[in-house]
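We have chain Z already, so just place chain R on it with the hints.
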Amino acid sequence: MARRAGRTKADSRPASPPGDWDIPRIAYVYADPTATTLRAKEVADYIQEKLGIPTEIRDDFFSRHGGDDRETLARAIAATRVRNIMRPFQPMEPVYGEVQFELRLLEEPTKRVPGILYDGYRYLAVMRDLLPPDERTLRVLHLAFEHRILGTFDEDGRYHARAVVCGYPSVVSTSGIVEAPAKPKEYYRVKAQLSIALGATPFDAAKEPFKGQFIDYDDPRLTEVAKGYALQAAMYHITKEAFCEDPECRLFNAHWQAELIRAQVESGSLCPRHAEIASTIASARRPRKGYRR
Amino acid sequence: MPIFGESSEAEVTRAILAGFTRDLGEYASTEVIIVGGGPSGLVAARELALNGVKNVVIERNNYIGGGFWIGGYLMNTVTLRAPAQKYLDEIGCPYKKYSENLYVTPGPHACSKLIAASMDAGAKIQNMTSFEDIVLREKNRVAGVVINWTPVQALPHEITCVDPIALECELVIDATGHDAYVIQALEKRGLAKRIGEGGMWIEKSEDAVVEHTGIAYPGVIVAGMAVCSTYGLPRMGPTFGAMLLSGKRAAEVALKELGRKPKKK
Numbered sequence: 001m002a003r004r005a006g007r008t009k010a011d012s013r014p015a016s017p018p019g020d021w022d023i024p025r026i027a028y029v030y031a032d033p034t035a036t037t038l039r040a041k042e043v044a045d046y047i048q049e050k051l052g053i054p055t056e057i058r059d060d061f062f063s064r065h066g067g068d069d070r071e072t073l074a075r076a077i078a079a080t081r082v083r084n085i086m087r088p089f090q091p092m093e094p095v096y097g098e099v100q101f102e103l104r105l106l107e108e109p110t111k112r113v114p115g116i117l118y119d120g121y122r123y124l125a126v127m128r129d130l131l132p133p134d135e136r137t138l139r140v141l142h143l144a145f146e147h148r149i150l151g152t153f154d155e156d157g158r159y160h161a162r163a164v165v166c167g168y169p170s171v172v173s174t175s176g177i178v179e180a181p182a183k184p185k186e187y188y189r190v191k192a193q194l195s196i197a198l199g200a201t202p203f204d205a206a207k208e209p210f211k212g213q214f215i216d217y218d219d220p221r222l223t224e225v226a227k228g229y230a231l232q233a234a235m236y237h238i239t240k241e242a243f244c245e246d247p248e249c250r251l252f253n254a255h256w257q258a259e260l261i262r263a264q265v266e267s268g269s270l271c272p273r274h275a276e277i278a279s280t281i282a283s284a285r286r287p288r289k290g291y292r293r
Numbered sequence: 001m002p003i004f005g006e007s008s009e010a011e012v013t014r015a016i017l018a019g020f021t022r023d024l025g026e027y028a029s030t031e032v033i034i035v036g037g038g039p040s041g042l043v044a045a046r047e048l049a050l051n052g053v054k055n056v057v058i059e060r061n062n063y064i065g066g067g068f069w070i071g072g073y074l075m076n077t078v079t080l081r082a083p084a085q086k087y088l089d090e091i092g093c094p095y096k097k098y099s100e101n102l103y104v105t106p107g108p109h110a111c112s113k114l115i116a117a118s119m120d121a122g123a124k125i126q127n128m129t130s131f132e133d134i135v136l137r138e139k140n141r142v143a144g145v146v147i148n149w150t151p152v153q154a155l156p157h158e159i160t161c162v163d164p165i166a167l168e169c170e171l172v173i174d175a176t177g178h179d180a181y182v183i184q185a186l187e188k189r190g191l192a193k194r195i196g197e198g199g200m201w202i203e204k205s206e207d208a209v210v211e212h213t214g215i216a217y218p219g220v221i222v223a224g225m226a227v228c229s230t231y232g233l234p235r236m237g238p239t240f241g242a243m244l245l246s247g248k249r250a251a252e253v254a255l256k257e258l259g260r261k262p263k264k265k
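Going down the list, the sequences are from chains Z and R. In terms of my numbering, the first sequence is residues 1 to 293. In terms of my numbering, the second sequence is residues 1 to 265.
It is worth saying that the hints were derived from the structure and are not from the lab. Be a bit skeptical, because a hint or two may be false.
Stated by the list, open to error - In the DSS-like style, the derived pairs of lysine-lysine whose C-alpha atoms are separated by at most 27 Å in a straight line are:
hint, chain 1, residue 1, chain 2, residue 2
1, R, K96, R, K86
2, R, K54, R, K139
3, R, K263, Z, K207
4, Z, K183, R, K139
5, Z, K111, R, K54
6, R, K97, Z, K211
All values reported here derive from a predicted model rather than from experimental measurement.
Same shape as in the complex, but just chain Z (with noise of 0.2 Å):
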């Protein structure tokens, strides 16, 4: 169940913080470099004047905490992936090829490749297991971009893409704002019929009369869309409250591009209610370097 703001509209009296809310003293900001329209420093900015909470810009994730030992990590990071989207997650030993595909990803950090889904929480753990113990609290928040496209497993029985999995460390992927939230019902169409044409999908061409109406791939617009998905993520780490029905807000779960673009370019901003539960993280005191749990 969703848990409510500091105060409530009837209630004047000024804000401040619930002490089961987690609110970090840092947030390191993980690059994902085969994003050439992520402006990673603009993100961090943003979440800093929003909540008020420093920020740092990192190389991604897995150059920055990759370790040595790149093979158990390529495997470790294959072994998550899905491999039937209408079942729930079945471990499965991953094969060579597969580990000798993370590690060419990991060899080159610029390379993108969508196209497999990876189980969002099992993707996460892999992550949190490489942080050193100093940064491992949540007086620190990490948030990485990344290429890799992650899933959940929902309850109407099969595996959905996300933009955002909010966990910890908490992952936005530049490909799921691509991949997750469904283009126009039209594009499906046009798609559809192309590809009976054609015998092949032809993305391109499916794609051109409806520029503009979803983010694409390199789209100018990313940054933009980033910044509401960070700041969803992090709010969700101080407060574990994820997402607003206001689709209007920052925080909105977004299910088609429509939606996704209206949120957070159309209006950018946050609703009433999550504003001032921003406000009120930003007024709070910072914790002190030093760990809580």
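For chain R alone, kept in the frame of chain Z given last:
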């Protein structure tokens, strides 16, 4: 005056036998055996031959080219996404731009050009020959393939109890399409496993096919649609562009494995 010069039936038979046995003798031991003569296998064969690597393509059908003759729904226009059209430039096959990043060409033209380009480069083709099994050496490394005539498989065992023969090589490229026969042969021995083709919807599956092309097992490189069934990648996404570039990647990986430096074209 007759149009054709004089010869005898016996001489024709001797010529066929001499040509065939010479070729078979030559590739009984070769550097790379490519199982499957579809687009990815043919590109791999051409690229390897251009780099001086002795190779042979094993094809179970009489015709070479796999599904490259026709596009979807038996319509013989094939599509390629950029930058795969550049490979058509290399083999001298014309094409037209259909839309941004999408090119079309008649399947028969592209396929025949590719077959000719592969053979011109020096690739050998053994058609009507089916892959039956793998040859294993120390540490279970694949070191060859077991083959037989395709018609043998089509007849009842009681009639055609024909033992197969084996060819030796340093590397095998599995370009057998969705079936991934070489990987299947490993799977039967518990040495490898196929993930099976996935049902994902994501559009960049072509990239994934090319990027997964490589060593799947010691001595075995997987290419083309066999990549999809080996790694559970989406099968509906890739156009022929992925097959061509996967073949090219397979040859690059093979060159590296053989310790050869690629020649500049």
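Here is how each hint holds up against the structure:
1. Among the hinted pairs, R:K96 with R:K86 is consistent with the structure: their alpha-carbon atoms are about 12 Å apart, no more than 27 Å.
2. Restraint check for R:K54 and R:K139: satisfied, since their Cα atoms lie roughly 25 Å apart, inside the 27 Å limit.
3. A hinted pair counts as satisfied when its Cα atoms are at most 27 Å apart, and R:K263 with Z:K207 does not qualify at roughly 39 Å.
4. Proposed proximity of Z:K183 and R:K139 is contradicted: the alpha carbons are some 50 Å apart, above 27 Å.
5. For the hint linking Z:K111 to R:K54, the alpha-carbon distance of about 32 Å lies beyond 27 Å, and the restraint is violated.
6. Pair hint R:K97 plus Z:K211 holds up; C-alpha atoms about 20 Å apart against a cutoff of 27 Å.
Going through the hint list in order, the structure does not satisfy hints 3, 4, 5.
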